[in-house]
Amino acid sequence: MKNSRFFSILFLGMSLLACQDAKDDVRKNISDLAYYGNVGRQIPNEQGQRWLELYRSKNSITSNGRIDLLGYSLSEENLADMSNSVSGFTGVAFHHATDNFGEHHILAIPIGESLHVWDAGKIIIDTNSDLPVSESTARAWAANYEASHPADISFHFFGSNIFDQMNMLSFFDVMQLEPALSDLDLSPQLLLIVSDTDFALSGLSLGRTNNNETVVYDASSPCPPCPVE
Numbered sequence: 001m002k003n004s005r006f007f008s009i010l011f012l013g014m015s016l017l018a019c020q021d022a023k024d025d026v027r028k029n030i031s032d033l034a035y036y037g038n039v040g041r042q043i044p045n046e047q048g049q050r051w052l053e054l055y056r057s058k059n060s061i062t063s064n065g066r067i068d069l070l071g072y073s074l075s076e077e078n079l080a081d082m083s084n085s086v087s088g089f090t091g092v093a094f095h096h097a098t099d100n101f102g103e104h105h106i107l108a109i110p111i112g113e114s115l116h117v118w119d120a121g122k123i124i125i126d127t128n129s130d131l132p133v134s135e136s137t138a139r140a141w142a143a144n145y146e147a148s149h150p151a152d153i154s155f156h157f158f159g160s161n162i163f164d165q166m167n168m169l170s171f172f173d174v175m176q177l178e179p180a181l182s183d184l185d186l187s188p189q190l191l192l193i194v195s196d197t198d199f200a201l202s203g204l205s206l207g208r209t210n211n212n213e214t215v216v217y218d219a220s221s222p223c224p225p226c227p228v229e
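The letter at position 228 of the sequence shown is residue 228 when you use our numbering, and the numbering goes up by one with no holes.
Among these hints, one or two may not hold up.
What follows is a set of in silico ranges between Cβ atoms, one per label pair, in the way DEER data are often shown [what the hints assert, rightly or not]:
(1) S75 <-> S134: 30 to 36 Å
(2) A143 <-> G121: 16 to 22 Å
(3) E113 <-> S60: 39 to 45 Å
Since the hints were made in silico from the structure, they are not lab data. Here the structure is a predicted model, which means the values were calculated and not measured. Backbone N, C-alpha and C define an ideal beta-carbon position, used for all residues, glycine too.
Could you build the full structure based on these sequences and the hints that come with them?
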């Protein structure tokens with residue numbers, strides 16, 4: 001009888017501990033998702049201009065005071081489709097990639113609540129063309145890049161809050177992705193730029209003389225060290 005009562009109490013105690021652990025795991029997961037959702041922030045346009053020009057000077061790209069965009073873009077429509085293709089949209093990993101002809105790409109990969117890059121079933125966009133690409137092709141291109149750039153950044157992660165902010169801009173229909181270099185420590189950056197300017201016709205000028213409304217986002221979390229897996 002005493003043994004039976006002892007085991008009943010022991011079982012109840014273990015059940016309560018298990019329930020508490022489960023609750024703690026849920027709280028931790030919610031906390032993690034909130035943290036990842038907040039990655040990234042808007043930066044001053046003048047800072048973005050300096051960093052873009054520094055990248056171009058280091059890579060022998062002539063800008064003549066204005067920025068000729070490198071051709072990476074993601075439309076509002078594709079951003080929405082990507083976001084809806086994962087459960088618990090948490091952000092986007094912009095992954096460097098190399099196709100079978102040696103051309104550089106940036107792949108936009110939505111990240112869900114699993115915090116995994118390569119979950120099956122998600123929509124992945126090739127920002128070179130702003131068109132979907134299959135998971136198998138995306139994986140192969142990403143592997144090509146990582147094999148030839150083992151010491152470089154594989155991707156830049158931006159949290160979902162940045163894209164919520166973009167969607168509140170009345171003129172947002174496409175974002176431009178531009179590689180840049182920080183003039184503080186020469187660390188590689190990826191700028192997300194939204195503007196009411198017609199990029200194709202006028203190029204990009206982020207300085208004080210620009211009368212058009214332009215918003216620049218930075219402060220991504222790079223991999224390595226990888227924020228998501």
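We went through each hint and held it up to the structure:
Between S75 and S134 the beta carbon distance is about 19 Å. The supplied range of 30 to 36 Å is therefore violated. Between A143 and G121 the C-beta distance comes to about 20 Å, which sits within the given range of 16 to 22 Å. At about 42 Å, the CB distance of E113 to S60 agrees with the hint of 39 to 45 Å.
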